[in-house]
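Protein chains in written order, with full-length UniProt numbering: chain C, 1 to 330; chain D, 1 to 330.
Check the hints yourself; a few may be wrong.
Note that identical chains are pooled: a pair holds if it fits in a single copy or bridges any two copies.
Keeping only pairs whose Cα atoms sit at most 30 angstroms apart, straight-line, the calculated DSS-like set for lysine-lysine is [what the hints assert, rightly or not]:
| no. | residue 1 | residue 2 |
| --- | --- | --- |
| 1 | Lys-192 | Lys-10 |
| 2 | Lys-80 | Lys-169 |
| 3 | Lys-169 | Lys-114 |
| 4 | Lys-192 | Lys-87 |
| 5 | Lys-10 | Lys-80 |
| 6 | Lys-10 | Lys-169 |
| 7 | Lys-114 | Lys-192 |
| 8 | Lys-169 | Lys-192 |
| 9 | Lys-169 | Lys-87 |
| 10 | Lys-114 | Lys-87 |
| 11 | Lys-114 | Lys-10 |
| 12 | Lys-114 | Lys-80 |
Rather than coming from a laboratory, the hints here were simulated on the basis of the structure.
Just so we're clear, the structure is a prediction, and the values are computed from it rather than from any experiment.
Protein chains: 2
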Amino acid sequence: MAVTIGAVAKAAGVSVSTVSRALNTPDLVNAATRQRVVAAAERLGYTPNPAARSLREGRTESLGLLIPDITNPFFPPIFKAMQERAKRQGYTLLVADSDEREADELETIAAVSKKVDGLVLWASMLPEDRLAELAERMPVVLVNRQVEGVSEVHVSLTDGIAQAAEHLKAYGHQRCVFVDGNGNRPDQSRSKSIRAAFDAHGLSLIEIGPYEPRFETGVHAAPLVLAHQATAVLAHNDLVAMGVLHQLAALGAAVPNDISVVGIDDTLLASVSTPSLTTIRIDPDEVASRAVDLLIGLVHGRPPALPVVQVGSRLIPRGTTGPARRDPRQ
Amino acid sequence: MAVTIGAVAKAAGVSVSTVSRALNTPDLVNAATRQRVVAAAERLGYTPNPAARSLREGRTESLGLLIPDITNPFFPPIFKAMQERAKRQGYTLLVADSDEREADELETIAAVSKKVDGLVLWASMLPEDRLAELAERMPVVLVNRQVEGVSEVHVSLTDGIAQAAEHLKAYGHQRCVFVDGNGNRPDQSRSKSIRAAFDAHGLSLIEIGPYEPRFETGVHAAPLVLAHQATAVLAHNDLVAMGVLHQLAALGAAVPNDISVVGIDDTLLASVSTPSLTTIRIDPDEVASRAVDLLIGLVHGRPPALPVVQVGSRLIPRGTTGPARRDPRQ
DNA sequence: GGCAGCATTGCAAACGTTTCTGATGTATGT
DNA sequence: ACATACATCAGAAACGTTTGCAATGCTGCC
């Protein structure tokens, strides 16, 4: 059916091995025959069968990306950047959505792992020992998850949060609420960083939650913010912040005049909201590049220079933050 | 390195062919040996090498999905639903983002086509003849693109648009603006359906554009809406609608009191905006299921019952539509 | 009791590719 | 001129799997 290397060989009047060499290691064949082969391949529209190549080579030229939920607008830019980066290095990216469920994650890894040369696991929910075990069998890069002996890209919110605290402090805010949307996930670093940064700036911080990172969580949090007489809210992410904005409007609280709101992630939501959302940006291109490069390094047997790669963050001040109200209404 | 079928055969004391049969066609082997084989496979953690299987079988058990831009919030739910549907039937889904560029689309198809058994091409920008040619070489399902002789899933906005016209008419609107964000893409059906529906309801319709389907397009359109003395806007999609909302607020026009706004797609944006956006919903699960089932049918050599499968739409009335203002300010 | 038929299993080919091992011819150095 | 080296290519093996074919042993029927 499809045009194989044998057909090209026959068309060019050489053996299959010569065709293979002409295409893969051109220096090893005579210039004239190489041209004949290339011309024949071109004319017949030959493209190598990746299954056969994989079988022989033991490599698939594909990378896997496992994410908790592609519906979270944080991930599409990540996927896009990773795909771009992978393509540039000759790899195809295979994404899989684990739907935030540990069982699905295991199943998906099983289905995908043999089809790729390595895996990027984003915020994996698997237990440590399983991850360690997996990482011994194949190249694995973790993002936002720490396991001894496994390579990792760590996105640090420290800088962005410090800037947010500075920003709110400068605007005269004193009482802030943090809406924790981390649910029951293992990683508690977000909450800790925020506590540290706000303490450092002498801002009083009220933590509520943990809840799930959903729009409704923000809706739920809005009246609590007013009840706590706070003038600023830092939400777990942009989606939660949108819920806060929505319900503050329903409650008649003006943003940013009465309450300032800060999100995290700088997703599409933040730039299209009204008013546009002040948020903490994590550069998707950077984390994607780091993760892909690290993984490809592992695939090629190059151990990482550092066990964990850090990626920073920064505040993007927009329309939902402003001077604190001197006389909170209630 | 990895555990092969040969290792299982040795462990179970049988030949490789028996192992293969015990796992794939259990009826053909003795119950006792089958159990030995299954036990051995389980114990060694055997999973078949998909490359070898593909090579032998000529099938990859994967499907490809090509979309213009995963960053468009319309697509993540589509992807998720397709992945789910494909998984249930034993297929892996390989997504690729063509970045709205025809050149990238070609390149991506070339990179992906040999790794999958069939392709879903969403709103392809390729010329007709290339698509027809591709569809002859492998199973192809088009979405929102029509080419003679190629299977297609067509999402029809007709119902949703009719409901929107009805909705606006009932609220007393008379002059409406449609913001065309179709750019230079071939498919003009959206614009035509809208013209037809609004004419049918006796609503005067002012079309502006075509522009690109971006937030900024909505920002650009907002003052035009006011200048045209319209009381309602139908935007090309939710993203454009968000731009309209944003800029109307900046211009001091209240939504929905002064102007009503309707989006299309019912993406996450619509449900989290303030006020929440009235929009036309296309059920992602339905179109995803239809496309995947159709494609798998083609892969298995089953020709489609109908050349084109229709998927409907409906209006989701929310907070951005209301009674028309009797005395437009300007 | 012999033979047909069936259940069960092993052997070997095949899928398309890469690469190792030689073979052939030509150029080079002495 | 002869041996050596090198450039160039063909042949064949190997990757892991499925499956057609053949071999074996057993059952059951006449």
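Against the structure, the hints come out as follows:
no.: 1; hint: Lys-192 with Lys-10; result: neither (67 angstroms within a copy, 54 angstroms between copies)
no.: 2; hint: Lys-80 with Lys-169; result: neither (36 angstroms within a copy, 41 angstroms between copies)
no.: 3; hint: Lys-169 with Lys-114; result: neither (51 angstroms within a copy, 57 angstroms between copies)
no.: 4; hint: Lys-192 with Lys-87; result: neither (37 angstroms within a copy, 38 angstroms between copies)
no.: 5; hint: Lys-10 with Lys-80; result: neither (41 angstroms within a copy, 45 angstroms between copies)
no.: 6; hint: Lys-10 with Lys-169; result: neither (76 angstroms within a copy, 70 angstroms between copies)
no.: 7; hint: Lys-114 with Lys-192; result: neither (37 angstroms within a copy, 48 angstroms between copies)
no.: 8; hint: Lys-169 with Lys-192; result: within (19 angstroms within a copy, 54 angstroms between copies)
no.: 9; hint: Lys-169 with Lys-87; result: neither (44 angstroms within a copy, 50 angstroms between copies)
no.: 10; hint: Lys-114 with Lys-87; result: both (19 angstroms within a copy, 15 angstroms between copies)
no.: 11; hint: Lys-114 with Lys-10; result: between (34 angstroms within a copy, 22 angstroms between copies)
no.: 12; hint: Lys-114 with Lys-80; result: both (23 angstroms within a copy, 21 angstroms between copies)
In the structure shown, a violation is registered for the earlier hints numbered 1, 2, 3, 4, 5, 6, 7 and 9, in ascending order.
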